[in-house]
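So the protein sequences, as listed, match chains A and B.
Residues in the first sequence are numbered consecutively from 157, following the working numbering.
Residues in the second sequence are numbered consecutively from 157, following the working numbering.
There could be a bad hint or two in this list.
If several chains are the same, the list does not tell them apart, and a pair holds so long as it fits within one copy or across any two.
To be verified - Listed below are the simulated SDA-like cross-link pairs for lysine to any residue, each with C-alpha atoms no more than 25 angstroms apart in a straight line:
(1) K171 - E283
(2) K326 - D392
(3) K244 - E310
(4) K171 - L289
(5) K253 - Y291
(6) K280 - N407
(7) K166 - K280
(8) K280 - E307
(9) K311 - A384
(10) K280 - R207
(11) K375 - P416
(12) K244 - G206
(13) K171 - I296
(14) K166 - E228
(15) K280 - G323
(16) K374 - P416
(17) K311 - V299
(18) K326 - A180
(19) K247 - D392
(20) K280 - D395
(21) K326 - T173
(22) K326 - A174
(23) K326 - A278
(24) K244 - P282
(25) K253 - I328
Just so you know, these hints were derived from the structure itself, not from any lab.
Listed here are the chains, written in short residue letters.
2 protein chains.
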Amino acid sequence: VPKTNGYHKKIDVTKYTANGPESAEASIIIESPMTIFVNGEELVTLLCLGRGLEYLTAGFLWSENVISSKSEIDSIVPDYGRGTVQVKIAKDNAFIKDLVFKRLVTTACGKGSSFYTIDETAAKLPENTAEVLFYAADIISLVAEFENMSELHEKTRGVHSALLARGREKVIFHDDIGRHNAIDKVLGHALLTDVPVSDKMVVSSGRISSEVLLKVAKKGVPVLVSRAQPTDLAVDLADRLGITLVGFVRNGAMNVYTHPHRIS
Amino acid sequence: VPKTNGYHKKIDVTKYTANGPESAEASIIIESPMTIFVNGEELVTLLCLGRGLEYLTAGFLWSENVISSKSEIDSIVPDYGRGTVQVKIAKDNAFIKDLVFKRLVTTACGKGSSFYTIDETAAKLPENTAEVLFYAADIISLVAEFENMSELHEKTRGVHSALLARGREKVIFHDDIGRHNAIDKVLGHALLTDVPVSDKMVVSSGRISSEVLLKVAKKGVPVLVSRAQPTDLAVDLADRLGITLVGFVRNGAMNVYTHPHRIS
Chain A
157 VPKTNGYHKK IDVTKYTANG PESAEASIII ESPMTIFVNG EELVTLLCLG
207 RGLEYLTAGF LWSENVISSK SEIDSIVPDY GRGTVQVKIA KDNAFIKDLV
257 FKRLVTTACG KGSSFYTIDE TAAKLPENTA EVLFYAADII SLVAEFENMS
307 ELHEKTRGVH SALLARGREK VIFHDDIGRH NAIDKVLGHA LLTDVPVSDK
357 MVVSSGRISS EVLLKVAKKG VPVLVSRAQP TDLAVDLADR LGITLVGFVR
407 NGAMNVYTHP HRIS
Chain B
157 VPKTNGYHKK IDVTKYTANG PESAEASIII ESPMTIFVNG EELVTLLCLG
207 RGLEYLTAGF LWSENVISSK SEIDSIVPDY GRGTVQVKIA KDNAFIKDLV
257 FKRLVTTACG KGSSFYTIDE TAAKLPENTA EVLFYAADII SLVAEFENMS
307 ELHEKTRGVH SALLARGREK VIFHDDIGRH NAIDKVLGHA LLTDVPVSDK
357 MVVSSGRISS EVLLKVAKKG VPVLVSRAQP TDLAVDLADR LGITLVGFVR
407 NGAMNVYTHP HRIS
């Protein structure tokens, strides 16, 4: 029987060193399939870390524009044993059927991640004009702390993390197997607990591609930070959408790719 | 005008150090949308590194079971300018329509990454009984070399890589924005150039989740190596499918999670 705390577990492995093989224990992350049902209709199955499922669900539905505010959510009930989340939202059946159908068509045609959809999505978004000012030195120390905030990553070296922060103030932090899920958890947590995001930054342990940039931009977050470098498409979108994009935070320095007026 | 070589480009950024802001250059990766058309029907749009598109396409179609051998491919014609790949395969129109429809339904219901599909996929796969033997010391040095093989990663810190290797012999190597794409490129390259994979290992720069494990297992690769730790679901599947799963390769040591008989 594996020892587990629900998010990671210890298993027996064969460890090879210069001295040859030996028995050892390893901590690995538990990957849980979670199926989201909206008003009884199956919407999607996510592979995730089975913690904070209500936040992941709220964030996912918010990201996918299924809901636009907390008030539209009647209830979110995770069943960790079955790997399901039952969501009730204040929308009629026609909306839900249409949603499932649209998800079907969008994903099927590959438009879910196509250039045209990226362009269309970006064209619909207003430019972010939030006036916030963060100190570069604060971001650099925040990212250094962020690197060590995940106890699970410390144990398993297998999770991504995301953080909602204001200056050096760490507001909401979550881990997940996927970088998208970690960001959805943070944004969903903010939504459900009425924490505004338009005066804060999101820090991600993952690379910033166009999809991640759009996810954060759509919710009005003005500053996105990553230890890694963004892609050119993410930089283009950040430029067009008024998002301050920070990356390559390491060795006491960082790059600001777009809209440096929010950095002092 | 940005300086570019097609895969990465230099852009002007504001760099913040302890001495304050300064103008600097950063190399970032170019993220290209690529739409795959099969016999004229639009199948999917991938966001990827615009290099080796014929390998990515072949690997993607092989992974998704659209084709089962090289002989089914009549032609793969990438158009790097337009971001399209036109594929002709020896299948009739009904098959293609069905394929697009199935992709639609599978993805839509979220079954594309659901537990049930994982279980169903795993149940259909034969156990891998390939008899290969790799030296732990070889894998450890290979991974150390692998870390420095990507010139693009060196420049941009923004790509994933995958390597097909036999012992210390590096056979096929590819970069991409996504870890799935990098593995698809390696497997597609092997398919198109008649390189057998059942006597080799795949090394990935990414984390090993159930989806990555299945992708590699389906093609008969007996050994999968990553610097990171796998998830529990990946370990379960590797155990059931006869795959030797190696991870946590660092500091001159490595863990073997399943089927250590292939490691000496």
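Here is what the structure says about each hint:
1. When the C-alpha separation of K171 and E283 is checked against a cutoff of 25 angstroms, the pair qualifies only between copies, where the shortest distance is 24 angstroms, while the shortest distance within a copy is 52 angstroms.
2. Taking the shortest Cα distances, K326 and D392 never come within 25 angstroms of each other, neither inside one copy (28 angstroms) nor across copies (36 angstroms).
3. In the homo-oligomer, the alpha carbons of K244 and E310 never lie at most 25 angstroms apart, since the shortest distance is 36 angstroms inside one protomer and 48 angstroms across protomers.
4. In this assembly of identical chains, K171 and L289 lie within 25 angstroms of each other by CA distance solely across copies; the values are 16 angstroms between and 49 angstroms within a copy.
5. For the homomeric pair K253 and Y291, neither the shortest alpha-carbon distance inside one copy (47 angstroms) nor that between copies (55 angstroms) is at most 25 angstroms.
6. In this homomeric assembly, K280 and N407 never come within 25 angstroms of each other (Cα to Cα): the closest approach is 38 angstroms inside a single copy and 49 angstroms across copies.
7. Taking the shortest alpha-carbon separations for K166 and K280, neither the intra-copy value of 47 angstroms nor the inter-copy value of 29 angstroms comes in at or below 25 angstroms.
8. In this assembly of identical chains, K280 and E307 lie within 25 angstroms of each other by CA distance neither inside one copy nor across copies; the values are 39 angstroms within and 37 angstroms between.
9. Taking identical chains as interchangeable, the C-alpha atoms of K311 and A384 lie at most 25 angstroms apart whether they share a chain (22 angstroms) or sit on different chains (12 angstroms).
10. With identical chains, the CA atoms of K280 and R207 are never at most 25 angstroms apart, being 33 angstroms at best within one copy and 31 angstroms at best between copies.
11. Taking the closest pair of Cα atoms, K375 and P416 come within 25 angstroms of each other only inside a single copy of the chain (20 angstroms); across copies the shortest separation is 47 angstroms, beyond that limit.
12. Taking CA atoms no more than 25 angstroms apart as the test, K244 paired with G206 passes inside one copy only; the shortest distance there is 20 angstroms, against 42 angstroms between copies.
13. Taking identical chains as interchangeable, the C-alpha atoms of K171 and I296 lie at most 25 angstroms apart only when they sit on different chains, with a minimum of 12 angstroms there against 36 angstroms within one chain.
14. For the identical chains of this complex, K166 and E228 are neighbours neither inside a copy (40 angstroms) nor across copies (44 angstroms), given an alpha-carbon limit of 25 angstroms.
15. Proximity of K280 and G323 under a CA criterion of 25 angstroms is satisfied in neither setting, with 29 angstroms inside one chain copy and 52 angstroms between copies.
16. Taking CA atoms no more than 25 angstroms apart as the test, K374 paired with P416 passes inside one copy only; the shortest distance there is 20 angstroms, against 47 angstroms between copies.
17. Both within a single protomer and between protomers do K311 and V299 lie at most 25 angstroms apart by alpha-carbon distance, with minima of 19 angstroms and 21 angstroms respectively.
18. In this homomeric assembly, K326 and A180 never come within 25 angstroms of each other (Cα to Cα): the closest approach is 36 angstroms inside a single copy and 29 angstroms across copies.
19. Taking CA atoms no more than 25 angstroms apart as the test, K247 paired with D392 passes in neither setting, with 35 angstroms inside one copy and 40 angstroms between copies.
20. Proximity of K280 to D395 under the C-alpha cut-off of 25 angstroms is restricted to the intra-copy arrangement: shortest distance 15 angstroms within a copy versus 48 angstroms between copies.
21. For the homomeric pair K326 and T173, the shortest alpha-carbon distance between copies (22 angstroms) is at most 25 angstroms, but the shortest distance inside one copy (39 angstroms) is not.
22. Taking identical chains as interchangeable, the C-alpha atoms of K326 and A174 lie at most 25 angstroms apart only when they sit on different chains, with a minimum of 22 angstroms there against 42 angstroms within one chain.
23. In this homomeric assembly, K326 and A278 never come within 25 angstroms of each other (Cα to Cα): the closest approach is 29 angstroms inside a single copy and 42 angstroms across copies.
24. When the C-alpha separation of K244 and P282 is checked against a cutoff of 25 angstroms, the pair qualifies neither within a copy, at 29 angstroms, nor between copies, at 41 angstroms.
25. In the homo-oligomer, the alpha carbons of K253 and I328 never lie at most 25 angstroms apart, since the shortest distance is 33 angstroms inside one protomer and 45 angstroms across protomers.
Violated hints, in rising order: 2, 3, 5, 6, 7, 8, 10, 14, 15, 18, 19, 23, 24 and 25; the structure is consistent with all others.
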